[in-house]
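Asks: Chain residues, written in single-letter form:
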Amino acid sequence: MTASEGLALLLLLAGSGFYFAGTVGLLRFPDAFCRLHALTKADNLGLCLICAGLAVLSADWRIASVLFLIWLLGLLAATVSAHLIARQARQAGADNIDPPEAS
Amino acid sequence: MLGIVLDLVIIASLIALAIQVVSGASLFRGIIHFIVMGLTLALAWARLGAPDLAMAEAAIGAGVTGALMMVAYRRLVEITPDHNPSRTGSRSRLALPIAVGAGGLVGLLGLGATLSDPEPGLAGLAVLEALQDEALGNPITGVLLLYRGLDTLLEIAVLLTAFLAAVAVTRREDLDYSITTRDPHTPLVGALLAIIVPLTVLVSVHLLKAGSHDPGGAFQAGAVLAACGVLLVLTSRVSASSQSRPLIGLGIVAGLISFSLIGLAAMLRGEPPMALPGMWAVYFIETAMMLSIALTLVLLFAGTESLRRNQHG
Amino acid sequence: MIDVALPAIVLFLLLNLVAGMIRVYRGPTLADRMLAALLFSTTTVASLLILAEWMAIPALRNVALLFVMLASILSLAFTGLPDRHDDEAGDS
Amino acid sequence: MDNAALYVLAAAVLFGVGVYGLIVSAHLMRKLFAINIMGNAIFILMVAVAGPIDGAPDPVPQALVLTGIVIAVSATAFALALMVRLYQETGRATLADDNGPGNDD
Numbered sequence: 000m001t002a003s004e005g006l007a008l009l010l011l012l013a014g015s016g017f018y019f020a021g022t023v024g025l026l027r028f029p030d031a032f033c034r035l036h037a038l039t040k041a042d043n044l045g046l047c048l049i050c051a052g053l054a055v056l057s058a059d060w061r062i063a064s065v066l067f068l069i070w071l072l073g074l075l076a077a078t079v080s081a082h083l084i085a086r087q088a089r090q091a092g093a094d095n096i097d098p099p100e101a102s
Numbered sequence: 000m001l002g003i004v005l006d007l008v009i010i011a012s013l014i015a016l017a018i019q020v021v022s023g024a025s026l027f028r029g030i031i032h033f034i035v036m037g038l039t040l041a042l043a044w045a046r047l048g049a050p051d052l053a054m055a056e057a058a059i060g061a062g063v064t065g066a067l068m069m070v071a072y073r074r075l076v077e078i079t080p081d082h083n084p085s086r087t088g089s090r091s092r093l094a095l096p097i098a099v100g101a102g103g104l105v106g107l108l109g110l111g112a113t114l115s116d117p118e119p120g121l122a123g124l125a126v127l128e129a130l131q132d133e134a135l136g137n138p139i140t141g142v143l144l145l146y147r148g149l150d151t152l153l154e155i156a157v158l159l160t161a162f163l164a165a166v167a168v169t170r171r172e173d174l175d176y177s178i179t180t181r182d183p184h185t186p187l188v189g190a191l192l193a194i195i196v197p198l199t200v201l202v203s204v205h206l207l208k209a210g211s212h213d214p215g216g217a218f219q220a221g222a223v224l225a226a227c228g229v230l231l232v233l234t235s236r237v238s239a240s241s242q243s244r245p246l247i248g249l250g251i252v253a254g255l256i257s258f259s260l261i262g263l264a265a266m267l268r269g270e271p272p273m274a275l276p277g278m279w280a281v282y283f284i285e286t287a288m289m290l291s292i293a294l295t296l297v298l299l300f301a302g303t304e305s306l307r308r309n310q311h312g
Numbered sequence: 000m001i002d003v004a005l006p007a008i009v010l011f012l013l014l015n016l017v018a019g020m021i022r023v024y025r026g027p028t029l030a031d032r033m034l035a036a037l038l039f040s041t042t043t044v045a046s047l048l049i050l051a052e053w054m055a056i057p058a059l060r061n062v063a064l065l066f067v068m069l070a071s072i073l074s075l076a077f078t079g080l081p082d083r084h085d086d087e088a089g090d091s
Numbered sequence: 000m001d002n003a004a005l006y007v008l009a010a011a012v013l014f015g016v017g018v019y020g021l022i023v024s025a026h027l028m029r030k031l032f033a034i035n036i037m038g039n040a041i042f043i044l045m046v047a048v049a050g051p052i053d054g055a056p057d058p059v060p061q062a063l064v065l066t067g068i069v070i071a072v073s074a075t076a077f078a079l080a081l082m083v084r085l086y087q088e089t090g091r092a093t094l095a096d097d098n099g100p101g102n103d104d
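Chains W, H, L and P, in that order, are what the protein sequence lines are. Position 64 of the first sequence, counting from 1, maps to 63 under numbering that gives the first Met the number 0, and the rest follow consecutively. Position 292 of the second sequence, counting from 1, maps to 291 under numbering that gives the first Met the number 0, and the rest follow consecutively. Position 68 of the third sequence, counting from 1, maps to 67 under numbering that gives the first Met the number 0, and the rest follow consecutively. Position 42 of the fourth sequence, counting from 1, maps to 41 under numbering that gives the first Met the number 0, and the rest follow consecutively.
Quick caveat, the hints were computed from the structure, so don't treat them as lab data. Keep in mind it's a predicted model, so treat the numbers as computed, not measured. Glycine residues also receive a C-beta, built at the ideal position from the N, C-alpha and C atoms. There may be inaccurate statements among the hints.
Unchecked claim - To spell it out: a stretch of chain P is covered by chain H in this simulated footprint if at least three of its residues, at any positions, have a beta carbon under 8 Å from a beta carbon of chain H; those stretches are:
| id | stretch |
| --- | --- |
| 1 | 6-19 |
| 2 | 34-45 |
Stated by the list, open to error - For each label pair, taking beta carbons as the anchor points, the in silico distance ranges come out as:
| id | chain 1 | residue 1 | chain 2 | residue 2 | range |
| --- | --- | --- | --- | --- | --- |
| 3 | L | M54 | W | A85 | 29 to 39 Å |
| 4 | H | Y282 | W | K40 | 40 to 50 Å |
| 5 | L | V3 | H | V200 | 33 to 43 Å |
| 6 | H | L1 | W | S64 | 22 to 32 Å |
| 7 | H | V157 | L | V3 | 43 to 53 Å |
| 8 | W | D59 | L | D2 | 16 to 26 Å |
From just these sequences and the hints, can you work out the full model?
Replies: See below:
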């Protein structure tokens, strides 16, 4: 195993660690606002690390730039989604439970 | 070995999600599970070595279907109907045996085909051979344009029919409000649009151009463009209008008309119908089809025959 | 080594996704279920990127790009859902 | 590709689940989900059954499925529009009148 493969592996493992943290947060945090942190922070750091690892592994600047673009778009999507969902959750309040099947 | 385990996990989650979709406690949960099923299906396509399909699934599943179902659900919640009928459930005892029988039949069919016929499909071989002397490097685009011309043409016609039918059954008055997001003018949404809209256009043109030699093509490009349109409708930058516009009408039928004209021209020259005269025709038809598919899907989403731009600050 | 590690990481990510389904199941609010689904889309993107490297299908990177580009459409569509006690929803 | 048989089995189970959902669920949107699941099962079946040619996947079923995906979404959009209109007119999104005497609900 070369040094770059070792580095890539390290980054990938760290990234999946953050994904795991995100899942634990999703399951263990008490309310929707806390869980948003799992969505926006842990997972995007995980995506960043995985993209970095794959970029190192591919050793091709074109692939690396696509990966970088994907990460930036992931950040954008997470920002907007977190904002919108937090708004929705606050306006709806606690009783925004699933309505019974509209029929 | 790990690949098989991966396949097993993908399959198990697909099945679990499907069960949740049909039997989950609430309709909203069904929608969420259906969307997640689309994500998992993309992984399955990747594992089956079909990136073209994964691409179509990504564009349609993430961009169109999810929004479509959310909006339909919203309309169900928002609309107060005149009377409130009693709930009915039709739980037949025959359901399970019929389902098992149907699944078993499909499985037998598939297993029979996989186990007894290890020969590669003749049609596929013929396509790959014939494509040797065409300039198309992506066999899927080749099949769609060179061999199934009539079929692809009819597909555009089906899209058009679905659109006309959807317009016919949708009421005009409650169109406008119920498909936009709650506060479409928050600064973040503007920033999102400023980045995503140009990018989707760029990506769809790239997919269209790449479609002749790499995964991509008119369907995927059209789906991405349609997702961009859905985004604009959702954020009320563009909204439903009942006054028809010639440009939109032209866009809807562009694929159908250019495909038929070029096909008919081939017939007039004495060649078989739908034979394409060259690469320029492929690009021309693909572009027209992309526009038609995108426009028709957006209009289907909005449930209206025309769109107008909204002025805002 | 790396050829084993890549599918193993995808497997791990998928198992994370399966575990996250518990949140969709439990809820309790619509927002919880929705954000779980968004979390899955990030996970799928990472899995697709790793699969692209492992299976040597570069087009899968474009698939990942599409998913991440279109992820916000879903949350935009979701945010329009009326609260049940909000009578003037959609009046604007 | 040795995972084809696995995906064929998955397609069979998914199809069965779809048929079951189509019969059992009363709500039209759920029936629509079930039909979509059945469609996806057939798509998987078609791609999985076609063996690879010279290491590359067979393009013909993939092209068929690609068309199928777009058709499926347009049909779904139309069905949803129809369902919303039915709900507006009658106040229910179910097909309730086919309740025969044999049903105990």
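Asks: Regarding V157/H and V3/L, is the given constraint of 43 to 53 Å on their beta-carbon distance met?
Replies: Holds: the Cβ-Cβ distance is about 46 Å, inside 43 to 53 Å.
Asks: Could you say whether the range 33 to 43 Å given as a hint is met by the Cβ separation of V3/L and V200/H?
Replies: For V200/H against V3/L, whose Cβ atoms are near 41 Å apart, the range 33 to 43 Å holds.
Asks: Using the C-beta atoms of L1/H and S64/W, is the stated range 22 to 32 Å upheld?
Replies: Between L1/H and S64/W, where Cβ atoms are some 29 Å apart, the hint holds.
Asks: Would you say the C-beta atoms of Y282/H and K40/W sit inside 40 to 50 Å of each other?
Replies: holds, 44 Å
Asks: Report holds or violated for chain H covering the stretch 6-19 of chain P, Cβ cut-off 8 Å, minimum 3 residues.
Replies: Three-residue rule met by the stretch 6-19 of chain P, so holds; n is 14.
Asks: Is 16 to 26 Å respected by the C-beta to C-beta distance linking D59/W and D2/L?
Replies: holds, 18 Å
Asks: Would you check chain H against the stretch 34-45 of chain P, counting CB to CB pairs closer than 8 Å, and say if three or more residues qualify?
Replies: Answer holds; 8 residues pass the 8 Å Cβ test.
Asks: Could you tell me whether the CB distance from M54/L to A85/W stays inside 29 to 39 Å?
Replies: holds, 37 Å
Consistency with the previously given hints is maintained throughout, with no hint failing.
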